[in-house]
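Undergrad: These are the residues of each chain, in order.
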Amino acid sequence: MGITLNFFVILTEIIFILISSFIFLIDKFIKNKNYAFYITLITLILACYLILFVPFGEFTYAYKADFYSSTLKLFLVCGAILISLISYNYLQYYINLNSGEYYGFLLFSIVGAFLMLSGMDLVTIYLAMELMSFPVYFLIALNYAYNRPSLEGALKYFIVGSLGSVFILIGLGIIYYFTGTFILQEISKVLENNLYLRELLIGFIFILIGFSIKLSLVPFHMWAPDAYESAPVPITSFIAGIVKFAVIATLIKIILIGFNSLRIEIGEVLIPIILASILIGNIMAIKQDNIIRMLAYSSIAHAGYAGLGLISADYLGYSFVIFYMLVYLITVIGTFSILVFLANFKKELLHIPSMASLCEKTPFVCFLLLILMFSLAGIPPTAGFIAKFYVFMSLIKSKYVWVALLAILFAVIGAYPYLRVLKVIYMDKQEFEFKFKYDFTFLIPVCITVFLVIIIGIYPKPWTDIIYKTMYFYLTSLFYTY
Amino acid sequence: MNWDLIIFYYLAIVMIFSSVFAIFSRHPVYTVLLVLVMIVHQAFLLLTLGAEFLTVVQIIVYAGAILVLFLFVVYLINLRKETRRNVFIRLVSLIAIVFLLFGAFLIKNLFILISLKPSFRAYLPFSIEEKSNVWWIANYLFRNYLLQFEIIGVILLVAILGAVFLIRKVKTVE
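Read top to bottom, the protein sequences are chains A and B. Letter 49 of the first sequence, counting from 1, is numbered 49 in my numbering, and no numbers are missing. Letter 67 of the second sequence, counting from 1, is numbered 549 in my numbering, and no numbers are missing.
Treat the hints with care, as some may be off.
Claimed, not checked - Here are a few chain A residues that face chain B, going by a calculated C-beta distance under 10 Å:
(1) F108
(2) D121
(3) Y137
(4) I159
No lab work stands behind these hints, which were simulated from the structure alone. No residue lacks a Cβ here, since even glycine has one placed at the ideal position from N, Cα and C.
So that you can see chain A by itself, here it is in the shape it has in the complex (with noise of 0.2 Å):
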């Protein structure tokens, strides 16, 4: 058995966590705090580049960087500059978080994600997914010296998520009973012989359990609002965005490799699923005042609709799913962008009500956030519209035409809470002092998050086209290799 250890293939990941170790050993000694997002933002700069130059390759066969996964590693890094970014202006006003941890733990989590993206292997990524969520607990009780009971939310993330990992342990189990392997590769070998297709399909649900746990599906979103309440503001599109488009992206390439051939299968197993979280989160959405509540509720929702992707169940559609997690990536940094704005003057701005008359003081704000709730609601000339008009139309070629219209009618539901949050902006009246600086770290993830989602929202093709063609030659070289 050949075993190729090409340590230059994992560079990223190596330089990743030797500087976040690096971080560690050297926070006690440095008074300035500064210095970690600095030496953040240089490693997530030096991995984009490693990204584009590291060549495709093989570490064990555990690990396989190839063309799906660092372009999406990429669209990753890229999301986690801009969250630093915003970060660093968070943590200017926020000066107790201000430590090497915060960086430091953002670090590891992004390793865990890179680890998850070029998995070939279950064990792998069942690994990579635990390393990527525990920083995120640790992260979200960062926030105890300002808010005392995130504790509470972290604890819930915490016992939510090792129960999903409980769940994908079981799902390991049964798989490699009755195949005798972890390798996808493998895997897909024994159900192509038309071998154990319903056990293995047991095993692939508990697997997707554990997912849509991270993904806060529906019967397993309860830690959601919390978690996400009770986090620092930045890691709370850390979590909405990162996280989610990462475990979304490893579920696609499990199903893509591993269990081609159950696809539609899974498809229909999901659709209950998918169809109460679209529905349960856009409803829960509309009573919430908090506007990180309801972003929580709104992401559950959002997961809901690029998991109609997967639905349809052949490979436009799961380009689609990317396609729809990096246009909600991107709307959910520049939305949180602006609340840390917000917050970084009033902690009480973060309830929608006392939101109003905003527009009098800072109408640019405003309407870089109306262009991103636009996006979220889905309204036309933007990415959000155009997103979800791809999923939809997915769903109605693979002929499911019922859930597609049953996913349209709970989304015009869901334009409710954003349309509200604009109305408060915009009409309601208020008398109140706001005194603003409008940063540097502030205005670049904004102004560039707002650029793309118009961008993307007038001339789309280019991108699905990137993303439809990394899984398509992805998996021409995976099972036809030359």
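Starting from the structure of chain A, add chain B where the hints point.
TA: Relative to chain A, chain B alone:
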């Protein structure tokens, strides 16, 4: 009915019941002792697969070191106040009910899971008789599963850092 099956079912049933009682027992010392029972049975389950080395490691590390540490902690911290049933258990049972409801989706396939036969030994990808236990474990950990081994190391590092970081003193701002 051969002896393998009887031993397997004995070990499995005792493990399940001891872990259920460990969750629901009100006294922390009982909980730790029930977990000890579970771990010893788990070790014997490994012995039925012919993995003597793992059995010994399981007993030495888990039963010998970690659980004794737990017992010390239970003795040192006075937990008598928290032996009452509180909201937390209700929360956990609520989550369990939700999961059971989701299990209803699987119910038509559940009989397959019940009919699993404990013949794991047939699936071992190597013969233990050929080389020693330790040789195979080392071969698998440091060759095939090298990357996973390293990832576990990083996870443990993160967990230690987080634990140390959570117990530090925080200046709370209210």
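Undergrad: Min Cβ distance, Y137 (chain A) to chain B: is it shorter than 10 Å?
TA: holds (7 Å)
Undergrad: Taking the closest Cβ pair, is D121 (chain A) under 10 Å from chain B?
TA: At about 8 Å, which falls below the 10 Å cut-off, the nearest Cβ of chain B leaves the hint on D121 (chain A) intact, so it holds.
Undergrad: Mind checking the CB of F108 (chain A) against every CB in chain B and telling me if the closest is under 10 Å?
TA: For F108 (chain A), the interface hint holds, since the closest Cβ of chain B sits about 5 Å away, which is under 10 Å.
Undergrad: Given a cut of 10 Å on the nearest C-beta pair, is the interface hint for I159 (chain A) held or broken against chain B?
TA: I159 (chain A) check passes; min Cβ-Cβ to chain B is 8 Å, inside 10 Å.
The structure agrees with every numbered hint stated previously.
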